[in-house]
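Each of the two chains sits in its own frame; use the hints to bring them together as a complex.
Heads up: the protein sequence lines correspond to chains D and E, in order.
Anchor point for the first sequence: position 297 equals 297 in the numbering used here, and the numbering is continuous, going up by one each time.
Anchor point for the second sequence: position 24 equals 24 in the numbering used here, and the numbering is continuous, going up by one each time.
The set of hints was computed from the structure by calculation and includes no laboratory data.
Ideal Cβ positions, reconstructed from N, Cα and C, are used throughout, including at glycine.
It is possible that some hints are incorrect.
Here are the simulated BS3-like cross-link-like pairs (lysine-lysine), alpha carbons at most 27 Å apart as the crow flies [to be verified]: (1) Lys228/D <-> Lys310/D; (2) Lys437/D <-> Lys35/E; (3) Lys228/D <-> Lys314/D; (4) Lys118/D <-> Lys445/D; (5) Lys25/D <-> Lys35/E; (6) Lys334/D <-> Lys314/D.
Partial selection, computed: residues in chain E whose CB lies under 8 Å from chain D [unchecked claim]: (7) Ser7; (8) Glu9; (9) Ala20; (10) Gly28.
Some, not all, of what chain D presents toward chain E, calculated at C-beta under 10 Å [unchecked claim]: (11) Leu75; (12) Thr232; (13) Leu400.
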Amino acid sequence: MTGKIIGVLVYLAVIFYLGYKAWLKTRESTDYMLAGRSMNPFVLAMSYGATFISTSAIVGFGGVSGMFGMSLLWLTFLTIFVGIFVAMVFFGKRTRRMGLALDSHTFPEFLGRRYGSKFIQQFSGVVIFVFIPVYAAAVLIGICRMLEVAFPAVSYGVWLILVTAVVAVYVITGGLKAVMYTDAFQGTIMAAMMLILIVTTYTLLGGVTEAHQALTDLAGLVPAGLAKGGMTGWTTGPDFESPIGLTVYTTIIYGVGIGVLAQPQLVIRYMTVPSDRELNRAVAIGGVFILLMTGVAFVAGALSNVVFHKEFGKVAIAVANNNFDSIIPLYIDKVMPGWFSGLFLVAMFAAAMSTMSSQYHVGGTSLSRDFLEQYVSVGNGGSSMKLNRLGVTVAIVATLVWAWLLPGGVIARATAFFFGLCAASFLPIYVLGLYWKGMTKTGAKVSMVGGFGASMFWLLFIHVKEAGFIGLCQAMFGKATLVADAAPGSWMWLMQWVDPNVVALPVSLVLAVGVSLATRRIEEKHLDLCWEGLR
Amino acid sequence: MMLGLGSVEIALAFWLSVAATALCVVYGIVNWNNKGNDKNGGGAS
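Pulled out of the complex, with its shape left as it was, chain E reads as follows (with noise of 0.2 Å):
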């Protein structure tokens, strides 16, 4: 878990950042095709 670094601190930083990115990539294929449901929709106004 440590990966060779020197204090619990940055260990979890790191890991952290690893996890963010691993959320940011979940969320984003679980919700890929939801548009949302506003009625206003898109497009150019």
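Same shape as in the complex, but just chain D (with noise of 0.2 Å):
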């Protein structure tokens, strides 16, 4: 116990001293929006993953894995390939010169002025305002559940208003500076954990094949009631025309891999740094850094089958009672040294804290700079970072009012209807306004709310997750989903375990396309000065 306390005492230490510096550093809005557009490739690097990958990737995807077994290795996949080297190389450049060009300082004012519409704007901009809160505080739930396990003398609660007062203080007084330096640090403390957790799986299990065969040859216990879902081993994939494959393969390998190009909290950061050559920079250690992430913790997550079956002979969910969340806790706690259960707490800690305070950062800035600027007039550099700082107070309360509401079960959801909402509504006006000049204001108006629209029409009212959660086709159709009835088994009926995104995301697309090759297109002038960093 007292090894966690100085654990979590010091990392807390380095936390303030890094929100000191960024906020001495911090002295115009650009610093507090843009990090002054001079953030070296390193912290790019890291503050993007510890952004990217929060303690429900690693604790809650890694219990997934631990349940679903090794199919999650895709979404690795897609986190590198798309969620890196896609998005640094064909997105984050043409942002980094677009956004220059057009002076832009948040994600909704760089399609705003990309288009040159205020709606835009302001509509991206509530939206993220809005939602970012529930994504943020599902993170919050999250660690503060574990520090409350953790720490039993200090109740739930109150670790909700220390959690957030610890963020806030740095978010708020250092902007994008702070956010960036301390999840330069907190990546590399992620980092360093999960480096240890996988060598100590591979060892343990006497090597990389043993190990896979190991777990290989459990397919046999796949319990009863997985393998009805159509599970059929946690080395092989799961029958795709099942609950369990649709689930698998489009909310959490489509749904997020493909999701996190429109992340806007992700987008700001390509317009932190000051050339071409931090992105490219960034590419290599970003790469590293997130198969650290996510691939450790969906290979060891499912090698803690084999690792509780040795030891308890039982599979990791049935270890975990049921409740997959778990599977990754008990296996630190059960299975690692004891030395490293403390620094992997302050890992996930970290983990959690670098992710909520980008979500504030971006929500906050959502609201003041895209939204509240439109209606209020700031004279000058000092009343803009006064707007900015209220923002950023703002989405905070929001998030721990959310926090405080909200039931834990919803960790998982709030995280896949946050991604769902951005990929439908943003996704394709960005990757289009970023290089088709065919794309017109009208085509990205409609795709935005069109595709807004039917994302959370699946959400309410088809796909299971969230229509059961929320309860209002319940409410208003006496069912849980408008498909609940249809014959089991029939397509009808498994669109109910479809992510929003693979209908969603094309009706968007379809949308932006569409209605741009029939309406007018935006003046060549003000394409020019779009393009004028790009040739």
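Here it is in structure tokens:
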């Protein structure tokens, strides 16, 4: 216990020192919103990665891997190839240059100025501000539940306030510089812990091939309920046409793997560096970092079955009493060396804080820069800074309120909800805005609103995980989803497990292209400005 | 090549994850000092 307390105190001391350094260097709104456009590649890569990977990505999805197996490695591949390589090389460079030409400070401002539309800026700003506190609340709930278990003397409610206060201090005062400096430190701790985790796991099981083979040999022990849902083993993929197959492939792999491209808190980071060089270097650092995060979590999560079976004669989900969120914490607690569990807790604290700080920042600047500043006249940089700090404070309070109100089971749902909404609303107009001069203002508006509407419809009335949880469909139509009474096993019935993005993203894309082809092009002069840095 | 994994699909996902990381590292090293050709450069705006 003393070790855990010392570890957390040393960690917090470093965080506050970095926050203080950032505060000293934050003097104008570009510092606060874009870290002065002067970040170095290591800070960029680690901040991008640590923001992307929250506690729920390691503990939650690692636990899912413990339950469903290594098919989640497809998500690892996508997070590295799409989330780092494609994102930085094909999105990051163009976003940085176009963002600079348009003097954009936030993702909604970037979209709004690209299409010359205040509506687009305000609509996207409001969507981000309204929904990101729910996503942030899910991260906050997750880490506070872990802290409550590690330090039972302090209650969950007190942890909610303490953790919020710690992150609030440095985000409100130091803006994006504080967020990114602390992210880099937090990311370094996370990388070290995950490296130790995978080396220890493979060593315990006699090597890479031996460990995988032992897991393959456990296929006969797949619990009956999971086998009925479509699972075939921990080193084989689930049947595609099954509830588990559709959940793994459409929500976890496709939804999250593609959804990463339109996350506002990640996109903003492309605009924080002075040249392409920093992005190029960040590709190398970020690729290794993400492999250490999702790759290790999903492999170690799946291999925990072998270790648990050897030690306790049960597979992971049975040891965890059918709560997959407990698989990774139990594995750390029961199998890893004692000294590691304290450090791993600090790493998870770091993972949660790095994600939350960015969520607070992007939510707050969306409210201030993209909404309030459209109505309130800000005379100079100082006023803009005050408004931004006010926005961040409101986002933090909103997150705390959501965390107080929402049940623990909301963690995975809130994450999927935000990823889904962002991808359907923003991805087509963002990609086409970067690459296609024929994209029109009307096309962008219709695509964004249409994608948002389609995604909301699917989340509220079709996708059983969210629709069942929210209960609107039940209240309106007396059934959990609109397709709940279709013949079991039919495609209509299986739609309940198909991710909203499988439907909403194509709808949004078709609307963007179709409407743009039929409406008036944006003026050449404006397009020349947008493309100024791309020639 | 299969590394003890039970299906080609999962082995492919495993190797593609490693290959994607290698691609990132090689790309980063090859372009380590490539600032690009934008005339705006950068720095604080």
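A quick look at each hint next to the structure:
Of the pairs offered as hints, the one joining Lys228/D and Lys310/D holds, with about 25 Å between alpha carbons and a cut-off of 27 Å not exceeded. Taking the CA atoms of Lys437/D and Lys35/E, the gap is near 25 Å; set against the 27 Å cutoff, the hint holds. For the proposed pair Lys228/D and Lys314/D, the alpha carbon gap of about 19 Å is at most 27 Å, so the pair holds. The hinted pair formed by Lys118/D and Lys445/D meets the criterion: a straight-line CA distance of about 10 Å does not exceed 27 Å.
This hinted pair checks out: Lys25/D and Lys35/E have alpha carbons roughly 25 Å apart, not beyond 27 Å. A distance of roughly 13 Å separates the Cα atoms of Lys334/D and Lys314/D; the hinted pair therefore holds under the 27 Å criterion. Residue-level restraint check for Ser7/E holds (minimum Cβ-Cβ distance to chain D is 4 Å; threshold 8 Å). Taking 8 Å as the C-beta contact cut-off toward chain D, the hint placing Glu9/E at the interface holds, the least distance being around 5 Å.
Evaluation of the Ala20/E hint against chain D yields a held restraint, the C-beta minimum of about 4 Å falling below 8 Å. Because the beta carbon of Gly28/E sits about 2 Å from the nearest beta carbon in chain D, less than 8 Å, this interface hint is met. Taken as an interface hint, Leu75/D checks out: its beta carbon lies about 9 Å from the nearest beta carbon of chain E, inside 10 Å. Residue-level restraint check for Thr232/D holds (minimum Cβ-Cβ distance to chain E is 8 Å; threshold 10 Å).
Interface hint at Leu400/D: violated, since its Cβ lies 33 Å from the closest Cβ of chain E, which is beyond the 10 Å cut-off.
Of the numbered hints listed earlier, the single one contradicted by the structure is hint 13.
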